[in-house]
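Chains as they are written, first to last, in the UniProt record's numbering: chain G, 1 to 419; chain U, 1 to 419.
Just so you know, not all the hints are guaranteed correct.
With the Cβ distance kept under 10 Å, some of the chain G side facing chain U (calculated, not the full set) [what the hints assert, rightly or not]:
{"id": "1", "residue": "L41"}
{"id": "2", "residue": "L61"}
{"id": "3", "residue": "A62"}
{"id": "4", "residue": "G65"}
{"id": "5", "residue": "G81"}
{"id": "6", "residue": "Q91"}
{"id": "7", "residue": "R114"}
{"id": "8", "residue": "L117"}
{"id": "9", "residue": "Q118"}
{"id": "10", "residue": "P226"}
{"id": "11", "residue": "D228"}
Non-contacting residues of chain G with respect to chain U, defined by C-beta distances greater than 10 Å in every case (computed) [as the list claims (entries may be wrong)]:
{"id": "12", "residue": "S32"}
{"id": "13", "residue": "T51"}
{"id": "14", "residue": "I54"}
{"id": "15", "residue": "T101"}
{"id": "16", "residue": "R215"}
{"id": "17", "residue": "F243"}
{"id": "18", "residue": "D306"}
{"id": "19", "residue": "T312"}
{"id": "20", "residue": "N342"}
{"id": "21", "residue": "S368"}
{"id": "22", "residue": "E390"}
FYI, nobody ran anything at the bench for these hints, they're computed from the structure. Virtual Cβ for every residue (Gly too), placed ideally from N, Cα, C.
Protein chains: 2
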Amino acid sequence: MGSTERIRNVARRVAKWVKAGHQIVVVPSAMSGETNRLLALAAELEPAQRTDGIRRELDALAATGEQASSALLAIALQAEGLGSISFTGWQVPVRTDSSYTKARIESIDGENIRQQLQQGKVVIVTGFQGIDADHNITTLGRGGSDTSAVAIAAALQADECLIYTDVDGVYTTDPRVVANAKRLKSISFEEMLELASLGSKVLQIRSVEFAGKYRVPLRVLSSFTPWDIDLAEEARSGTLITFEEDEKMEKAVVSGIAFTRDEAKISVLGVPDTPGIAYQILGAVADANIEVDVIIQNLSKDGKTDLSFTVTRGDYERTLQLLQDKVVPKLGEGTKVVGNPNISKVSIVGIGMRSHSGVASTMFRTLSQENVNIQMITTSEIKTSVVIDEKYVELAVRSLHTAFGLDGDTRIEVPQRNG
Amino acid sequence: MGSTERIRNVARRVAKWVKAGHQIVVVPSAMSGETNRLLALAAELEPAQRTDGIRRELDALAATGEQASSALLAIALQAEGLGSISFTGWQVPVRTDSSYTKARIESIDGENIRQQLQQGKVVIVTGFQGIDADHNITTLGRGGSDTSAVAIAAALQADECLIYTDVDGVYTTDPRVVANAKRLKSISFEEMLELASLGSKVLQIRSVEFAGKYRVPLRVLSSFTPWDIDLAEEARSGTLITFEEDEKMEKAVVSGIAFTRDEAKISVLGVPDTPGIAYQILGAVADANIEVDVIIQNLSKDGKTDLSFTVTRGDYERTLQLLQDKVVPKLGEGTKVVGNPNISKVSIVGIGMRSHSGVASTMFRTLSQENVNIQMITTSEIKTSVVIDEKYVELAVRSLHTAFGLDGDTRIEVPQRNG
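Bound-form chain G, shown alone:
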């Protein structure tokens, strides 16, 4: 939520739903910029080492952002003539584990919320936070408000969980890259999970996981839609993430194309092809808390092989250094580490891929026609990902979008620049 004007609009939107007979629980995020402001203050004071004692205080600090926006929304709702009450994470309570700054929800007691709903009140619950078994305040990490909303909807067995965000739904791909990307009216939960894990930023992956675990129907819609549009229209807007795979969905083989830009590839060349060699390399990387994404091992030749893997670009230099210092000396002569810090991953996702063959080959053919060299491939039941040079990412996404019949009408005007 941004300014008080935006808070007032949220209140009016909620009032519209209440007047139509719905019981509503709202999980607001902090006001825009507030979490960053608070954490910037902490950064000025923090010691070099971030201990658990520091993380505990960062959570107590960051949790105030949602507490403030929740109280303000409760005030705005009362100004609209509705009964309303705000609950913090501990007042619900939302119980989590003790992993400060990235806690996981363990249970939610819906009783206090239900009581207030029965009294006709709109209940506001601070997202992003909970308490652990020792009554310490915890937070769920960035985007945690979405996860809170889904978890609360699950605890209350809500009919639907609406996620108001800064986009008006889930698109076949990022409309900033493909101007005629289409908004999907619905998408299966499994596809959404893949898209979220493959780089789509619409929903935090843990909120999608939670929705899947408890089968909470989610709808992603835009917080920029005017609050006073027709309720029925609003209820149909955005993208529904559903557990029912209807016929219409079966028609599209590929539902969406996701991509990431912040990856890097590292190859260890000429390593002895002996059992445990992958562990020797990747174990050292994992021990340094570096997350590895795609891994491929080449066919062995003369008892030697090459192992390549991708990491987040921010970890690139550190990983190279680590391999040079700790791993290469153990692998013997002829072993060499090379890398490319400018690669991207492009993925096609669709539950139709289960029953349609030839999807992957269409992908490879399309990229080949555009002279895009595929460096790595990884697949699962409903997705195929390729690692390519970053400079080809827009070209690859656009050509695949067309090849899989996802192009709609051009929606977004690309601004013309003069000079």
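Chain U: place on chain G using the hints.
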């Protein structure tokens, strides 16, 4: 607390006390301007009528200010190498009644704090707030952090409660009015209570009441003192509010002079001198939630009398209107309401007044010599207050300060203005 730089200085000051072997509990206020910022946001959203439902949310909102500064201080202390942990009001818990925005502390459970102290940690407790019996967040009202600090000191039976404020102690009077006002090294609790209720802004009156009830020795000192001054020097600085009346204190008949500027006087003239007449007038005023301070009733003459009383200047117009509309019509012909919105109250306070006669007469003589007309007088065992025209307030305070031997060396340079 102001900027992060000020928070860091607080941490360093606390570290100094800890290194000298003290167990420390810190009760920080919100960062400077934060409470006002939050309440200004609420003011943009609030409905005209401030119900209990609104007040509940204002408290949940305002309480975030202290929660944030407490977490930041805990981080700063850890950066100084000290163990530290912050507790919100509900984590202690600090239990209050349910009077949102002006709750009263009912009890404090010191167990959680004691446990952490025993582990060698500095414990930070969010001031200004608590929870009621139903787990709603409450706040104590402006200046509530002082009250929290005293109440926590009482619960823990602390040796001393240090109140760091923006002045370096309690003065014989406001140094902005009397340049050679002296800082008192100590003052009795009873005198401090009178001074606080008579307009001295150094301490919130409820914190002084609490200190009295639980006999907590309080020391008022300056948060602007450099954090690295000698500890023994800091421990002797400021003003100690004590329960022991030593001989030295007995020597000063008057310890301090307090004054208010924001008062107004209202007189109802020519009212029938019948039983219950004061109630008829003042009852109507009290029913309108207007607080009355000084009241005098003149001697009756021909069965008629005059009743005068003072109210806060902000209530002046409303009180006049109320009397004209509701009270005068019932009192019959000849009754008239007049007022003066520009009066002040000047008070001399001292426990020496108990055993020394002639203190009041010295006050009246001094004011008479300066041609200051006394409009009302009210006394108690250890204070005498006079109501005078506001334009004489500085003159009255300065001449009384000299007359009662309170002048010290000139401390404050009055800036010279040219032209």
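Tested hints:
Interface hint at L41 of chain G: satisfied, since its Cβ lies 6 Å from the closest Cβ of chain U, which is below the 10 Å cut-off. At a threshold of 10 Å, the smallest CB-CB gap from L61 of chain G to chain U is about 4 Å, leaving the interface hint in force. Because the smallest distance between the Cβ of A62 of chain G and any Cβ of chain U comes to about 9 Å, under 10 Å, the interface hint for this residue holds. At its closest, the beta carbon of G65 of chain G sits 8 Å from a beta carbon of chain U; the interface hint therefore holds under the 10 Å criterion.
Satisfaction of the interface hint for G81 of chain G is found here, the shortest Cβ-Cβ separation to chain U being roughly 8 Å, below the 10 Å cut-off. A hinted interface residue such as Q91 of chain G counts as satisfied when its beta carbon comes closer than 10 Å to some beta carbon of chain U; here the least separation is about 6 Å, so the hint holds. Interface restraint check: R114 of chain G against chain U, minimum CB-CB distance 16 Å, threshold 10 Å, status violated. For L117 of chain G, the shortest C-beta to C-beta distance to chain U is roughly 15 Å, which exceeds 10 Å, and the interface hint is violated.
Here the hint on Q118 of chain G is broken, as its CB sits about 16 Å from the closest CB of chain U, past 10 Å. With a cut of 10 Å, the hint placing P226 of chain G at the interface with chain U is violated, because the nearest CB-to-CB distance is about 19 Å. At about 18 Å, the closest approach between the beta carbon of D228 of chain G and any beta carbon in chain U exceeds 10 Å, and the interface hint on this residue is violated. With a minimum CB-CB distance of about 13 Å to chain U, S32 of chain G clears the 10 Å threshold, and the non-interface call stands.
Look at T51 of chain G: its CB is around 7 Å from the nearest CB on chain U, not clear of 10 Å, so calling it non-interface is violated. Look at I54 of chain G: its CB is around 6 Å from the nearest CB on chain U, not clear of 10 Å, so calling it non-interface is violated. The claim that T101 of chain G lies off the interface holds: its Cβ sits roughly 13 Å from the closest Cβ of chain U, which is beyond the 10 Å cut-off. With a least CB separation of 31 Å from chain U, R215 of chain G remains clear of the 10 Å interface cut-off, as annotated.
At roughly 36 Å, the least C-beta separation between F243 of chain G and chain U is larger than 10 Å, which holds for a residue marked as non-interface. No Cβ of chain U approaches the Cβ of D306 of chain G within 10 Å, the least distance being about 46 Å, so the stated non-interface status holds. The beta carbon of T312 of chain G is kept farther than 10 Å from every beta carbon of chain U, the shortest such distance being approximately 27 Å. Distance to chain U confirms N342 of chain G as a non-interface residue, since its nearest Cβ pair spans about 37 Å, more than 10 Å.
Here S368 of chain G stays apart from chain U, with its beta-carbon at least about 54 Å from theirs, past the 10 Å limit. Even its closest Cβ contact with chain U, about 38 Å, leaves E390 of chain G beyond 10 Å, as expected for a residue assigned away from the interface.
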